[in-house]
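Line order of the protein sequences matches chains C and S.
Residue numbering for the first sequence is 1 to 434, as defined by UniProt numbering.
Residue numbering for the second sequence is 1 to 201, as defined by UniProt numbering.
Errors might be hidden in some of the hints.
[Said to hold, decoys possible] Here are some, though not all, of the chain S residues that point toward chain C, as calculated from beta-carbon distances under 8 Å: (1) Gly23; (2) Ile64; (3) Arg68; (4) His129; (5) Phe145; (6) His158; (7) Val172.
[As the list claims (entries may be wrong)] Keeping only pairs whose Cα atoms sit at most 35 Å apart, straight-line, the calculated DSBU-like set for lysine-lysine is: (8) Lys117(S) <-> Lys169(C); (9) Lys117(S) <-> Lys238(C); (10) Lys87(S) <-> Lys44(S).
[Stated by the list, open to error] Here are some chain S residues pointing at chain C (derived, C-beta under 10 Å): (11) Gln61; (12) Gly96; (13) Val133; (14) His159.
Bear in mind the hints are in silico, worked out from the structure with no lab data behind them.
For every residue, glycine included, the Cβ atom is placed at its ideal position computed from N, Cα and C.
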Amino acid sequence: MANVFSTIGEWVNERAPGLMPVYRKHMTEYYAPKNFNLWYYFGSLALLVLANQIITGIFLTMNYDPSASGAFDSVQYIMRDVEWGWLIRYMHSTGASLFFVVIYLHMFRGILYGSYKKPRELVWLLGMLIFLVLMAEAFMGYVLPWGNMSFWGAKVIVSLFGTIPVIGKDLVEWIMGDFLPADATLNRFFALHVIALPLVLILLVVLHLAALHEVGSNNPDGVDIKHGAKGNRWDATKPADGIPFHPYYTVKDLVGVGLFLAIGAFIIFFQPTFGGWFLEHDNSIPANNLVTPAQIKPVWYFTAFYAIVRMIPSAFGTAVWGVLGMFGAIVLLFLLPWIDAGKVKSIRYRGTGFKVALTLFVLAFFGLVLIGTDSTAELIPMLFGSSVDVTSVENLFGRVMVLIYFGFFVFLWLYTHLGWEKTKPVPERVTTHD
Amino acid sequence: MANEVVDLGRRRFLTTTTAVVGGVGVVAAAVPFIKSWEPSARAKAAGAPVTQSLKKIEPGQQLIVAWRSLPVFIVNRTPPQLAALPKQDPRLVDPGSTGSSVDQQPKYAQNATRSIKPEWLVMIGICTHLGCVPDYVGEMKAEPFDPNWQGGYYCPCHHSRYDMAGRVYQGVPAPKNMEIPPYHFVDDTTVQIGVDPQGAA
Chain C
1 MANVFSTIGE WVNERAPGLM PVYRKHMTEY YAPKNFNLWY YFGSLALLVL
51 ANQIITGIFL TMNYDPSASG AFDSVQYIMR DVEWGWLIRY MHSTGASLFF
101 VVIYLHMFRG ILYGSYKKPR ELVWLLGMLI FLVLMAEAFM GYVLPWGNMS
151 FWGAKVIVSL FGTIPVIGKD LVEWIMGDFL PADATLNRFF ALHVIALPLV
201 LILLVVLHLA ALHEVGSNNP DGVDIKHGAK GNRWDATKPA DGIPFHPYYT
251 VKDLVGVGLF LAIGAFIIFF QPTFGGWFLE HDNSIPANNL VTPAQIKPVW
301 YFTAFYAIVR MIPSAFGTAV WGVLGMFGAI VLLFLLPWID AGKVKSIRYR
351 GTGFKVALTL FVLAFFGLVL IGTDSTAELI PMLFGSSVDV TSVENLFGRV
401 MVLIYFGFFV FLWLYTHLGW EKTKPVPERV TTHD
Chain S
1 MANEVVDLGR RRFLTTTTAV VGGVGVVAAA VPFIKSWEPS ARAKAAGAPV
51 TQSLKKIEPG QQLIVAWRSL PVFIVNRTPP QLAALPKQDP RLVDPGSTGS
101 SVDQQPKYAQ NATRSIKPEW LVMIGICTHL GCVPDYVGEM KAEPFDPNWQ
151 GGYYCPCHHS RYDMAGRVYQ GVPAPKNMEI PPYHFVDDTT VQIGVDPQGA
201 A
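Use the sequences and the hints to build the structure in full.
Okay, here's the thing in structure tokens:
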């Protein structure tokens with residue numbers, strides 16, 4: 001048998017001599033820092049979820065009907081009549097939420113250890129583009145079942161573009177292809193969700209990895225192993241603190257994959273809607289263009305940004321400010337490599353100010369999630385009694401959270417550009433015991 | 001041939017003109033694709049006037065009818081609801097509908113009650129923030145979102161609030177009063193939505 005494999009190998013190698021070097025460069029001879037911790041699982045898990053979304057998605061399209069009259073029923077048909085359809089659909093819908101769990105943790109890891117800093121700005125920018133495309137992809141997928149939440153979600157999100165002065169109204173009609181979400185909207189969202197955006201997403205993921213492998217991975221110490229000591233047991237010229245990605249990290253990542261699949265399977269089998277957080281109750285009602293659901297809100301992963309829209313009031317006869325605030329909240333993340341001029345990458349050696357600011361930033365993010373999911377509407381009367389003016393308390397709380405969210409970036413800019421940050425000494429090599 | 005001097009100027013000219021012509025071609029080819037996203041002829045053609053009898057709408061009640069697939073609220077406003085309207089003026093963004101909301105109603109409905117007949121509110125039930133349908137909260141009692149509530153509309157999406165004439169409150173995300181459609185009374189108990197009254201501009 002060995003002869004058969006080596007014969008095939010030679011046959012391929014003669015015709016495509018470039019394949020083996022690519023495999024070596026990105027797998028067996030990609031030297032990654034040996035001190036990766038738990039935070040470094042999420043990149044590979046994101047790839048896993050992407051594969052899950054593509055495979056389950058392909059099978060869902062086989063039974064889905066992208067028409068306003070048939071979409072809702074076809075999803076019910078998948079759930080009830082298609083053999084194992086419920087599993088494929090729940091794998092896809094739960095996968096969407098898990099995708100964002102993983103991506104948010106992956107992004108947070110980048111902020112923790114300064115992975116966006118020089119020379120990885122391009123890796124960060126490509127990653128943020130992936131996040132943006134993923135948001136569009138998730139939104140359009142959310143609209144496809146044509147439940148009442150889908151319909152109103154589509155209407156509200158598309159109406160965000162209507163706040164743009166002068167061209168807003170025409171732009172909304174152009175995006176929807178009608179005067180309200182209808183067949184035209186559903187069909188184009190289907191096309192974008194199923195083919196256009198996934199292609200872009202896969203291209204961006206390839207570029208993200210290519211850019212990363214060019215500059216090398218960061219690590220929890222924020223020390224560049226590429227420019228550090230040389231020589232390890234595989235190669236005398238390669239980083240001393242690096243180990244080959246394959247088999248070391250591929251095998252290590254399998255542990256993460258195992259745990260992740262266990263959690264995913266538990267949710268899919270026992271809590272597929274996650275109490276309305278992953279799949280909303282109002283989406284079990286067919287779309288109705290005359291009745292807005294009693295509590296309209298996006299899925300949890302958009303609520304923080306969405307709460308910003310709500311907390312910023314309109315002024316000068318336009319509601320564009322809240323929309324600008326929401327997009328600004330994402331644009332600032334793109335600019336992080338230039339906002340943060342700190343000389344130290346990893347939080348382990350950064351000043352106390354950064355640690356406090358980052359903690360507040362995370363708390364503000366969760367605060368905005370609470371507002372966006374309408375949890376505060378229930379919490380405030382419980383905390384302050386039923387006679388309290390919920391809107392005023394919520395606005396006060398929410399506006400403080402918005403200020404902290406944006407304040408993080410302002411503070412980080414001042415803190416690092418004016419040299420206020422007092423850092424700890426960074427070790428020469430990664431701190432690990434072997 | 002091999003010894004010929006390369007004419008760089010000529011090469012630059014050819015490169016530029018090719019790029020420009022190609023660019024124009026790409027833009028021209030993109031037009032049909034962009035235009036294909038505009039509302040189709042079928043979508044534009046939909047939507048005729050709607051006639052609705054008012055006989056069964058009790059005071060304080062709201063009826064929703066669809067006009068051009070849009071929800072139109074028809075409310076039989078009670079005397080207390082009407083009396084509360086002027087009292088709300090200080091809390092509103094544009095109580096007279098003369099500022100940012102000047103285009104939100106036909107001229108014949110640009111008055112204190114934003115209607116042809118004071119008791120009948122006829123309004124497109126679409127929040128001016130992001131297009132949701134606000135809830136009708138007609139009772140004049142303390143609500144969780146406003147202890148001094150005098151009746152009106154509350155949008156569940158972003159908590160915008162409007163009074164009983166669809167006029168927007170200050171400090172909410174919505175920027176304008178809700179829109180009043182063209183309408184007229186066919187007789188005392190019938191309204192037609194989508195057509196201006198005789199002689200109205």
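Status of the hints after comparison with the structure:
The closest approach between the C-beta of Gly23(S) and any C-beta of chain C is roughly 23 Å, which is over the 8 Å cut-off, so the hint fails. Because the smallest distance between the Cβ of Ile64(S) and any Cβ of chain C comes to about 6 Å, under 8 Å, the interface hint for this residue holds. For Arg68(S), the interface hint holds, since its Cβ comes within 8 Å of a Cβ in chain C; the closest pair sits about 7 Å apart. With its C-beta approaching chain C no nearer than about 5 Å, His129(S) sits inside the 8 Å limit, and its interface hint holds.
Given the 8 Å rule on beta carbons, the hint for Phe145(S) holds: about 4 Å separates it from the nearest Cβ of chain C. A distance limit of 8 Å between C-beta atoms decides the matter here; for His158(S) the minimum to chain C is near 4 Å, and the interface restraint holds. Because the smallest distance between the Cβ of Val172(S) and any Cβ of chain C comes to about 6 Å, under 8 Å, the interface hint for this residue holds. Among the hinted pairs, Lys117(S) with Lys169(C) is consistent with the structure: their alpha-carbon atoms are about 30 Å apart, no more than 35 Å.
Taken as a hint, the Lys117(S) and Lys238(C) pair is broken in the structure, with Cα atoms around 85 Å apart against an allowance of 35 Å. Between Lys87(S) and Lys44(S) the alpha-carbon distance is near 41 Å, which puts this suggested pair outside the 35 Å criterion. The interface hint given for Gln61(S) is broken, as the beta carbon of that residue sits about 16 Å from the closest beta carbon of chain C, more than 10 Å. Hint status for Gly96(S) relative to chain C: violated, with the closest Cβ pair at about 14 Å, above 10 Å.
With its C-beta approaching chain C no nearer than about 4 Å, Val133(S) sits inside the 10 Å limit, and its interface hint holds. For His159(S), the interface hint holds, the least distance from its beta-carbon to any beta-carbon of chain C being 6 Å, beneath 10 Å.
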